[in-house]
Amino acid sequence: MSVERIAQLKSILELDAKNTFARYALGMEYSSAGETDVALQQFRTLLELDANYANAFFMGAQALQHADRIKEAVQWLRDGIACAHRVGNRHAESEMQALLEELEA
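In the working numbering, the protein residues as written are 47 to 151.
Any given hint could turn out to be false.
Here are the computed distance ranges between Cβ atoms for each label pair [claimed, not checked]: (1) Glu150 / Glu60: 37 to 45 Å; (2) Val49 / His131: 14 to 22 Å; (3) Asp62 / Asp114: 33 to 41 Å; (4) Ala79 / Lys117: 27 to 35 Å.
It is worth saying that the hints were derived from the structure and are not from the lab. Ideal Cβ placement from N, Cα and C applies to all residues, glycine included.
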């Protein structure tokens, strides 16, 4: 985890709490550090700001997968697939579908 990167992203969010890219990047930083619950909090906040941010579902599911929380990951993927389908993000939809199939195998 890059403490400096997290500090930068938090500074951005202090100036603009609705900055979806900074929120996404912060969630990714926490996920990379294995701080699953903190990462999920960031992804949930992001989805409150923009319910159509399909990649937040995918990254949340991956964080859960790495934490061996498969049942939760599957739900995030199902919700994410529905979101990606709704907004026409076929790439995210197919990536999430592939991961879902892997987790359900």
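Here is how each hint holds up against the structure:
For the pair Glu150 and Glu60, the beta carbons lie near 40 Å from each other, so the given range of 37 to 45 Å is met. A hinted range of 14 to 22 Å for the beta carbons of Val49 and His131 is inconsistent with their spacing of about 38 Å. Judged by the Cβ atoms, the range 33 to 41 Å given for Asp62 and Asp114 holds: they are separated by roughly 35 Å. Take Ala79 and Lys117: their Cβ atoms lie about 23 Å apart, and the range 27 to 35 Å is violated.
Hints 2 and 4 from the list above are not met by this structure, while the remaining hints are.
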